[in-house]
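**Student:** Single-letter residue listing:
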Amino acid sequence: MSPDSISALRLSIQVAVAATALNAMIGIPIAYLLARRRFWGRSMLDLVVTLPLVLPPTVVGYYLIVLLGRRGLLGAPLYKLTGWTVAFTWYAAVIAATVMALPLLVRTVHAAIESVDRDLERAAYTLGHSELRTALEVTLPLARNGILAGLVLAFARALGEFGATLMLAGNIPGRTTTVPLSIYTAVQTGESGEAIAMVVALTALSCLVLIVANRLGARAT
Amino acid sequence: MTSRLEVAVRKSLPGFTLDVEWSAGDGVATLFGPSGSGKTLTLQCLAGLVRPDAGRIVVGGRVLFDAAAGVDLPPQRRRVGYVFQGYALFPHLTVRGNIGFGLRDRSRAERRRRVDEVLGRLGLEAFAERSPRELSGGQRQRVALGRALATDPALLLLDEPLSALDLPLRQALRDEMRSILTGWGIAAVLVTHDLTEAYRLGDRIVVYEEGRVIQAAPRAELLWQPSSRSVARIMGIRNLVQGVTLKATADRIQFRWRGQVLEAVNSPTHSYLPAADSPLAFFIRPEYVRLIRKDRGHVDAAHHMNLMAGTVVREVDQGASWTLFLRLDEPGAPAQGDYDLELEVPRLVYEILEIDRDRHWQFSLHRGAIHVLPSA
Numbered sequence: 001m002s003p004d005s006i007s008a009l010r011l012s013i014q015v016a017v018a019a020t021a022l023n024a025m026i027g028i029p030i031a032y033l034l035a036r037r038r039f040w041g042r043s044m045l046d047l048v049v050t051l052p053l054v055l056p057p058t059v060v061g062y063y064l065i066v067l068l069g070r071r072g073l074l075g076a077p078l079y080k081l082t083g084w085t086v087a088f089t090w091y092a093a094v095i096a097a098t099v100m101a102l103p104l105l106v107r108t109v110h111a112a113i114e115s116v117d118r119d120l121e122r123a124a125y126t127l128g129h130s131e132l133r134t135a136l137e138v139t140l141p142l143a144r145n146g147i148l149a150g151l152v153l154a155f156a157r158a159l160g161e162f163g164a165t166l167m168l169a170g171n172i173p174g175r176t177t178t179v180p181l182s183i184y185t186a187v188q189t190g191e192s193g194e195a196i197a198m199v200v201a202l203t204a205l206s207c208l209v210l211i212v213a214n215r216l217g218a219r220a221t
Numbered sequence: 001m002t003s004r005l006e007v008a009v010r011k012s013l014p015g016f017t018l019d020v021e022w023s024a025g026d027g028v029a030t031l032f033g034p035s036g037s038g039k040t041l042t043l044q045c046l047a048g049l050v051r052p053d054a055g056r057i058v059v060g061g062r063v064l065f066d067a068a069a070g071v072d073l074p075p076q077r078r079r080v081g082y083v084f085q086g087y088a089l090f091p092h093l094t095v096r097g098n099i100g101f102g103l104r105d106r107s108r109a110e111r112r113r114r115v116d117e118v119l120g121r122l123g124l125e126a127f128a129e130r131s132p133r134e135l136s137g138g139q140r141q142r143v144a145l146g147r148a149l150a151t152d153p154a155l156l157l158l159d160e161p162l163s164a165l166d167l168p169l170r171q172a173l174r175d176e177m178r179s180i181l182t183g184w185g186i187a188a189v190l191v192t193h194d195l196t197e198a199y200r201l202g203d204r205i206v207v208y209e210e211g212r213v214i215q216a217a218p219r220a221e222l223l224w225q226p227s228s229r230s231v232a233r234i235m236g237i238r239n240l241v242q243g244v245t246l247k248a249t250a251d252r253i254q255f256r257w258r259g260q261v262l263e264a265v266n267s268p269t270h271s272y273l274p275a276a277d278s279p280l281a282f283f284i285r286p287e288y289v290r291l292i293r294k295d296r297g298h299v300d301a302a303h304h305m306n307l308m309a310g311t312v313v314r315e316v317d318q319g320a321s322w323t324l325f326l327r328l329d330e331p332g333a334p335a336q337g338d339y340d341l342e343l344e345v346p347r348l349v350y351e352i353l354e355i356d357r358d359r360h361w362q363f364s365l366h367r368g369a370i371h372v373l374p375s376a
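So the sequences go chain by chain: A and B.
Following this note's numbering, the numbering of the first sequence begins with 1 at its first residue and continues without gaps.
Following this note's numbering, the numbering of the second sequence begins with 1 at its first residue and continues without gaps.
Mixed in with the good hints there might be a few duds.
Covered by chain B, according to a simulated footprint, are these stretches of chain A (three or more residues, beta-carbon under 8 Å) [said to hold, decoys possible]:
no.: 1; segment: 117–123
no.: 2; segment: 135–149
Now the in silico label distances, taken between C-beta atoms and shown as ranges [said to hold, decoys possible]:
no.: 3; chain 1: A; residue 1: Lys80; chain 2: B; residue 2: Ala54; range: 49 to 57 Å
no.: 4; chain 1: B; residue 1: Glu117; chain 2: A; residue 2: Leu132; range: 27 to 35 Å
no.: 5; chain 1: A; residue 1: Leu136; chain 2: B; residue 2: Ala128; range: 21 to 29 Å
no.: 6; chain 1: A; residue 1: Arg118; chain 2: B; residue 2: Phe16; range: 15 to 23 Å
no.: 7; chain 1: B; residue 1: Glu117; chain 2: A; residue 2: Ile26; range: 38 to 46 Å
no.: 8; chain 1: B; residue 1: Gly61; chain 2: A; residue 2: Ser130; range: 25 to 33 Å
no.: 9; chain 1: B; residue 1: Glu117; chain 2: A; residue 2: Met25; range: 39 to 47 Å
no.: 10; chain 1: A; residue 1: Ile26; chain 2: B; residue 2: Arg104; range: 27 to 35 Å
no.: 11; chain 1: B; residue 1: Ala172; chain 2: A; residue 2: Leu45; range: 44 to 52 Å
no.: 12; chain 1: B; residue 1: Gly61; chain 2: A; residue 2: Leu47; range: 46 to 54 Å
FYI, nobody ran anything at the bench for these hints, they're computed from the structure.
We put the CB at the ideal spot given by N, CA and C, even for glycine.
Here chain B stands alone, though its shape is the one from the complex (with noise of 0.2 Å):
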């Protein structure tokens, strides 16, 4: 197979080596780590804002940088598309400036067709005159995409493309983002933190650790490789499990694990449909899993979702709140060496509930909280 994409570059700065080495098919390939690790860097690289100290960088088999044969192409020669973090937009200009910025050595008529047309696959028409401190961080999020695409590009970059979003807005704009990448068809690479944004986004992820990758694969392969766990760790995502899928619809996801049988949400614009039987994972918020209180009478299944029982095992005294480790009352080993979930409780809420007393409790976790990771 021919790769679209091969990336061998290496980097010395003061205090940071870049050395790293992946290729990518066409589709997007997500670049996850903790920041620091170079991810961004990559992409300078990528566009030749920053030259590497050696290496190679072939874009659909056009060589942009060659260190051996002397090849190093500009950005301005590069074709490829740069989404900012924080979107860099132009603020001296409209959208309709922002998005022709690329355009200016075609023909008026030509360039004012194009950026008509990348308004029109976007839905900014309504914002063509507009500056852009007037729009939305969504919309902010379109144009740069918009301008970035309008110049038709060989490979496009995007740096922490939802960072800058506010939570709620961030889940909602990842499937639109996903959406307007398919459907534009372009090889992409996407620089991310977020493990669910990784997985949401990425055909192929790849993972970078202090400047280095210390693992790269399709999306299906990638979650059943133990260093993905490790990475999860690392970049603070607890309870990160598996499970076999039962049943996904639209909006939900049915699956057993360690004997229970669980719901998540599934995303109601891009629903994950894994089939029955196949290997699911995902992950909780230790936050987000609730003791049930004994002393407020008999348990309702309805209001409380995905309910189980386990006995705390451990215990780590965090200052404000406590980290409990819970085996679930389930024959089998553990899913997590010897707890199956971690959970956190206020303080306030071990002392009232007495449970460095009381070990055995019964918890819910609100489907919600439950974060399938799709690998399919």
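This is chain A alone, in the form it adopts within the complex (with noise of 0.2 Å):
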């Protein structure tokens, strides 16, 4: 493999670690949010977070430029006050990603909390415990399995990851250009041996996640 594959895959693996990382701290709160409470605003939060699993990935990437890109509602402020944008970063590949494998984890998460039988977190709660202490100590615990699978979904999701981060985070080798981007790079200049390559690497990587998720999930169980 050349030197520019050798630095995408790394970089790949460097944007799914930190993508599922993210996913976990963001989604499985909202996960829970989504399964125990009952809020104003919670079918529209439920909603926000899915529709990346139906929306074309150009599309999420559009909005994403539109909210972070220099001109954008979020990103202009930002560019004025510190002269920085995350369009073309490889944070910016880290956001695409991140908000495209959430709904994957968000709604497994969803599932398996919502499967934790509520009498548990009552007994917690009539014991003295908090619902943080108790969501922390009997209905995450409980609710593993599934958060397991939810990052490992997130992972090989944030992995894949194309339309949205080409959108933000733009293909420039070194920088930006992930696996997916650089084969697809490699296909439209007619480097087939590179792009074999960089298939097969990734497919070796996708089942070692899979083969590894699955002995945690039969050991856990």
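If you follow the hints, you should be able to join the two separate chains into one complex; please do so.
**Tutor:** Printed below as a string of structure tokens:
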């Protein structure tokens, strides 16, 4: 593999790991709220989080540009304040991958939390535990398998993200070119050898993730 | 008399309204009534898991909820223990972890000491490191009790604590539960739809029907109030009648009813010992009344306990079986209107014995089929 391909592979893993971590931090609390609380705007939140699952990735990417681009709703004030913009950096790739992976994680974890017997949480409340503590010591440990499955799906989705990443982060070799983008470029420019090498590498990596996840899942039950 | 527990709760849900008011002293109060009558909802209001629309809940002088005064303590601060239907033991923790779960604010040593004490009192030492799924139904029940009792709650709530068990175990554990509750000396509210359970476990019985309390009284008084009978009928308990005690021993109760001397089994571990000549309520399941066939030779009194004779005054075709209403060959008014006992015979038996033609029968009651309801 060429140095470009190796750097693409390294960047892809880096982006997928960061996006998965962000998913855990954002997605698990959202899934908990959706599963256990009734609040104003709940169905709106559910809708917004789920949209990336059904929208074309380029549309999601477009929204991200509108939001975070240099002239975006959040991006413009940020640029004015710091002279820095997230667009066309590897952070942009992380954000795109995070948003695209979020529905998979949230939906899986939501279902897992809903399957936890509510009487267990009620029992914890009557035994003096706050809602947060109950979530951390009862609900989430019992939803562990679902959370694990959700994280694996999120990682796999982040690893393969293409459309939204291209829109927000561009395709800058060595900076924002992840493996899927790199494969696309290689095929476009007729470097089929490089394309095959990366296709094999990505397939192998995905298989590895699934095998590890299955092992963990089997141990958890 | 000041009450340990004062409950006034109103809560409207779609299609159901709970509107109850009752009080109880120390000891066990049982909430008895059919499913869907609001018993569990009352427990949830007491525990702070459901917020009533209006009312006031006071436990031992502490106001837990008062809609008018804007008081609503969260479940964490109510000091109310809850034993859930199906127990709700934490499956990812050991027995020790479950019992110590409510003691997280204590020091490690103090928690360990308390958990050991609870394990010891409930005879669970050998199971401390087991997972709940490795326990029998009875052991799970004790762990659930221990988990709730470990924190020294001011009040213990038990939601159908025996319904997860099969019948023979249920009867044994009912007595065990009674001795744990009295041994611990804790005020408790227990929900059940089983009349025998309500009587065996409760010092005070609160009868629920469709979100309302139709009566609340100490156990000794309740059974003689007419609405208990209508409730018993609603619950499908038939042949609930009263006799007069002759003699009660640890394993037998002898009593007089409609001129007969009958004998019932007493509870082997928690005998009910009413004084001679005191009133005694009991019920007999219609399917346990045994007709004696006339073609099987002479009747052996040793073989056929509680032998009686009577005439079929009415009958109802139930399809697979017949319900017969019998009047005993005794002078005086029958126990239940125009009849004394209701019994059920399979259709085949009815046809073989030609009951439609032959109306006078001898029958017997096995002493285990007579359910005495303690009233003192």
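**Student:** Hint by hint, say whether it matches the structure.
**Tutor:** Outcome of the hint check:
no., hint, result
1, 117–123, "holds (count 5)"
2, 135–149, "holds (count 3)"
3, Lys80/A - Ala54/B: 49 to 57 Å, "holds, 55 Å"
4, Glu117/B - Leu132/A: 27 to 35 Å, "holds, 30 Å"
5, Leu136/A - Ala128/B: 21 to 29 Å, "holds, 24 Å"
6, Arg118/A - Phe16/B: 15 to 23 Å, "holds, 19 Å"
7, Glu117/B - Ile26/A: 38 to 46 Å, "holds, 44 Å"
8, Gly61/B - Ser130/A: 25 to 33 Å, "holds, 26 Å"
9, Glu117/B - Met25/A: 39 to 47 Å, "holds, 41 Å"
10, Ile26/A - Arg104/B: 27 to 35 Å, "holds, 28 Å"
11, Ala172/B - Leu45/A: 44 to 52 Å, "holds, 51 Å"
12, Gly61/B - Leu47/A: 46 to 54 Å, "holds, 50 Å"
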